[in-house]
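Asks: Reading the sequence shown from the start, the letters are residues 1 to 51 in the numbering used here.
Check each hint, because a few of them may be wrong.
Beta-carbon label-pair distances, calculated as ranges [claimed, not checked]: (1) Thr2 to Met47: 41 to 47 Å; (2) Ala29 to Met1: 39 to 45 Å; (3) Ile5 to Arg50: 38 to 44 Å; (4) Arg7 to Pro31: 32 to 38 Å; (5) Arg10 to Leu36: 34 to 40 Å; (6) Ser35 to Arg7: 35 to 41 Å; (7) Arg22 to Gly46: 25 to 31 Å; (8) Gly46 to Met1: 26 to 32 Å; (9) Val32 to Ala3: 45 to 51 Å; (10) Ala16 to Ala38: 16 to 22 Å; (11) Val41 to Arg10: 28 to 34 Å; (12) Val41 to Ala16: 18 to 24 Å; (13) Glu17 to Arg51: 35 to 41 Å; (14) Gly46 to Ala16: 22 to 28 Å.
Since the hints were derived computationally from the structure, they do not count as laboratory data.
A virtual CB, placed ideally from N, CA and C, is assigned to each residue, including glycine.
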Amino acid sequence: MTARIERGLREGRSWAESRTQRAGETIRAHPVRSSLGAVGVGVVLGMLLRR
1 MTARIERGLR EGRSWAESRT QRAGETIRAH PVRSSLGAVG VGVVLGMLLR
51 R
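From just these sequences and the hints, can you work out the full model?
Replies: This is how it looks when you write it as structure tokens:
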């Protein structure tokens with residue numbers, strides 16, 4: 001049981017690291033688009049939380 005949990009944690013960590021690296025590459029390749037997307041998400045969240 002412990003080995004299964006450890007394997008799952010390793011796989012999850014590996015998945016998260018690869019996604020983080022991919023996101024960083026995308027942001028560096030398209031900084032303006034990424035910034036506008038972040039602003040858009042912030043505006044939507046702000047409108048939702050304001051209610």
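Asks: Indicate, hint by hint, whether the structure satisfies it.
Replies: Here's how the hints hold up against the structure:
1. Thr2 to Met47: 41 to 47 Å: With Cβ atoms ~46 Å apart, the hint holds.
2. Ala29 to Met1: 39 to 45 Å: Because 42 Å falls inside the window, the suggested range holds.
3. Ile5 to Arg50: 38 to 44 Å: 41 Å, holds
4. Arg7 to Pro31: 32 to 38 Å: For Arg7 and Pro31 the Cβ distance comes to about 37 Å; the hint holds.
5. Arg10 to Leu36: 34 to 40 Å: 36 Å, holds
6. Ser35 to Arg7: 35 to 41 Å: Holds - the Cβ-Cβ distance for Ser35 and Arg7, about 38 Å, lies within 35 to 41 Å.
7. Arg22 to Gly46: 25 to 31 Å: 27 Å, holds
8. Gly46 to Met1: 26 to 32 Å: Once the Cβ atoms are compared, 44 Å apart, the range 26 to 32 Å for Met1 and Gly46 is violated.
9. Val32 to Ala3: 45 to 51 Å: Holds - the Cβ-Cβ distance for Val32 and Ala3, about 46 Å, lies within 45 to 51 Å.
10. Ala16 to Ala38: 16 to 22 Å: This hint holds: roughly 20 Å between Cβ atoms.
11. Val41 to Arg10: 28 to 34 Å: 30 Å, holds
12. Val41 to Ala16: 18 to 24 Å: Check passed, 20 Å falls within 18 to 24 Å.
13. Glu17 to Arg51: 35 to 41 Å: For Arg51 against Glu17, whose Cβ atoms are near 36 Å apart, the range 35 to 41 Å holds.
14. Gly46 to Ala16: 22 to 28 Å: 27 Å, holds
Consistency with the previously given hints fails for number 8 only.
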